[in-house]
Amino acid sequence: MNLFKTLNSYRQQNPLGVRLLTAIVLCSSAITLIATATQLYLDYRYELSAIDERVQQIEASSLDSLTSSLWEINPEQIQVQLEGLKQLPDVIYLELDTPFGEHFSAGEPPENQRTVHHSYPLQQLTDEGKIYPLGTFRLTISLEQIYKRLEDRVLVILTTQGIKTFLVSIFILFIFHRLVTQHLGTMAKYARRLKLDRLETPLKIHRKRPAEDDELHQVIHAMNEMRESMLEDIQLREEAEQALAKLNAELEQRVTQRTEELEKANTDLRATLNKLRKTQERLIESEKMAALGGLVAGVAHEINTPIGIGFTAASFLEKKARDHLDSMKTDNATTHSTEQDNQYPVEQRQSSQESLIERLTTLAAERDADRQIIELALESSQLIEQNLERAAQLISAFKLVSVDQSSEQRRSFNLKDYLQEILLSLKPKLKKTRHLININCPDDLMMDSYPGCYYQIITNLIFNSLIHGFEGTDKGVIDIDVTRKGDSIRLCYRDNGSGIPFGFERKLFEPFVTTKRNQGCSGLGMHIAFNLVTQLLQGEIYCQQETRKGACFILDLPANPVTKD
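This note's numbering numbers the first residue of the sequence shown as 772 and each following residue consecutively.
Keep in mind that the hints are not guaranteed to be accurate.
In silico DSBU-like cross-links for lysine-lysine, where the CA-CA straight-line distance does not exceed 35 Å [to be verified]:
| no. | residue 1 | residue 2 |
| --- | --- | --- |
| 1 | Lys1320 | Lys1198 |
| 2 | Lys1198 | Lys1256 |
| 3 | Lys1187 | Lys1200 |
| 4 | Lys1256 | Lys1187 |
| 5 | Lys1049 | Lys1035 |
| 6 | Lys857 | Lys919 |
| 7 | Lys935 | Lys901 |
| 8 | Lys1203 | Lys1046 |
| 9 | Lys1246 | Lys1203 |
| 10 | Lys1187 | Lys1246 |
| 11 | Lys1090 | Lys1246 |
| 12 | Lys1278 | Lys1203 |
| 13 | Lys1049 | Lys1320 |
These aren't lab readings, by the way, just hints derived from the structure by calculation.
Every value quoted in this text rests on a predicted model; they were computed, and no experiment measured them.
Turn these sequences into a full structure, and let the hints guide you.
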């Protein structure tokens, strides 16, 4: 029991030595078995070859003597020869049978034994060359002794080889323990005690240093290099941690900065997106207005001719009625003067009085009826002419709704000087009021555009302020501020009038939208301005709601619009 505990403790403390011992024993045993089997096989073959040599000796010497004894018919000699052959090693039974029923044997027939049998025919050759069969000789050789000798040899070989293998294994295990295992245990203990904070002590083992570095020295050197590498790695890691902490601080600062930049970019992006949405809405509105303007201008062109013909006919009717009325007035004057100049004698006047009275009465009645018809025709023609003239004015306004670039002249001009010229042309309409118009524009702002469009737009805006914004007052203020923005300008038109009703700015640029239709306003002024700005001048116009009193219009216009084919 104590031996078993000792072995178990040794196995737990030195598992590599135990596995080495086991491997040595197994390999040695296998080699021993293979060597033993080879030796047994060789011995077996040797024994069989010895038997074959004896059989060949019997064939060479005994068969002829047996044949002679049979030919001489000497049974005693035959039996003596068989008994002599039986004395040979491993020969256990011999028998000889003749054709004449004679039977000779020596030994006992084998039972349940491993044997080898040989049979030989015996013949006699005479001098005449005839062959006479004399019998059959059978030889039985036992293999039991051979196998017994082999079994004894196996036990001896296995016993000696086992003892030798065990002793060699113990000796190898002792040497391996002295040279390797105990040093491996020392290295294992060092590795178990190795901590990150205990890397200063190198690994050392107590042994005589060999002449050349062996595997243990390489392992020890590698572990010490690993320890030094770990020390360097720890130092590098500490430096990396410090650098990482510094980098994290910089990264946090950079993230904060990037976050602020992203928030600003998102704000700018949202502003740009809102601007794009507004631009899209304005483009859609511009296309809608352009299509509507084209429709209105087309309809105006179609009805312009019949209205012109009607106006011409009404003018002609008025002229003819006025001429006929003047002719009648002339005839009345002539008749009156004739009555005063021709003073007939009393007798003649009395004689023709009845016929004259009758003729004058009839003529007066006819002239009164003609005068009433002519005055009615004159009044009707004047009314038709006035309404047709009003319709012609509306048609002219309708034609302005469709912007035709070929009808506008493009040239270079100074914007501030041209705005002053526009105000100068409107001076007759403004002189009866005390409205103040301020122009704030750079003196050197040159434009290569369509000045007629600017005239139409500014005129419409000023008239809208006069009619709608300054109703009931003659002391309004209009500010026209122009600023340069790269290759474009921004014109801000602002007044301090009554302003635009809430929600009305959405349909302000639609045609026929007005709050003064009863005062003769057509509602086309801002629509015409919108089409001119968005189509011919290739800009934008929109109404900006003012928190203070008044209306404000923003115009973003290119200084040099692209000419469309």
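Against the structure, the hints:
1. With a C-alpha separation of about 25 Å, the suggested pairing of Lys1320 with Lys1198 holds against the 35 Å cut-off.
2. For the suggested pair Lys1198 and Lys1256, the alpha carbons sit about 31 Å apart, so the restraint of at most 35 Å is met.
3. Taking the CA atoms of Lys1187 and Lys1200, the gap is about 21 Å. The hint holds against a cut of 35 Å.
4. With a CA separation close to 16 Å, the supplied pair Lys1256 and Lys1187 stays within the 35 Å bound.
5. Among the hinted pairs, Lys1049 with Lys1035 is consistent with the structure: their alpha-carbon atoms are about 21 Å apart, no more than 35 Å.
6. For the given pair, Lys857 sits about 20 Å from Lys919 by alpha-carbon distance, which is consistent with the 35 Å threshold.
7. For the proposed pair Lys935 and Lys901, the alpha carbon gap of about 67 Å is over 35 Å, so the pair is violated.
8. A hinted pair counts as satisfied when its Cα atoms are at most 35 Å apart, and Lys1203 with Lys1046 does not qualify at roughly 42 Å.
9. Note on Lys1246 and Lys1203: the hinted pairing holds, with a Cα-Cα distance of about 11 Å set against a maximum of 35 Å.
10. Distance hint between Lys1187 and Lys1246 is fulfilled; the C-alpha atoms sit about 24 Å from each other, no more than 35 Å.
11. Of the supplied pair hints, the one linking Lys1090 and Lys1246 is violated, its CA atoms being roughly 45 Å apart against a limit of 35 Å.
12. Among the hinted pairs, Lys1278 with Lys1203 is consistent with the structure: their alpha-carbon atoms are about 32 Å apart, no more than 35 Å.
13. The suggested pairing of Lys1049 with Lys1320 holds, with an alpha-carbon distance near 25 Å, which does not exceed 35 Å.
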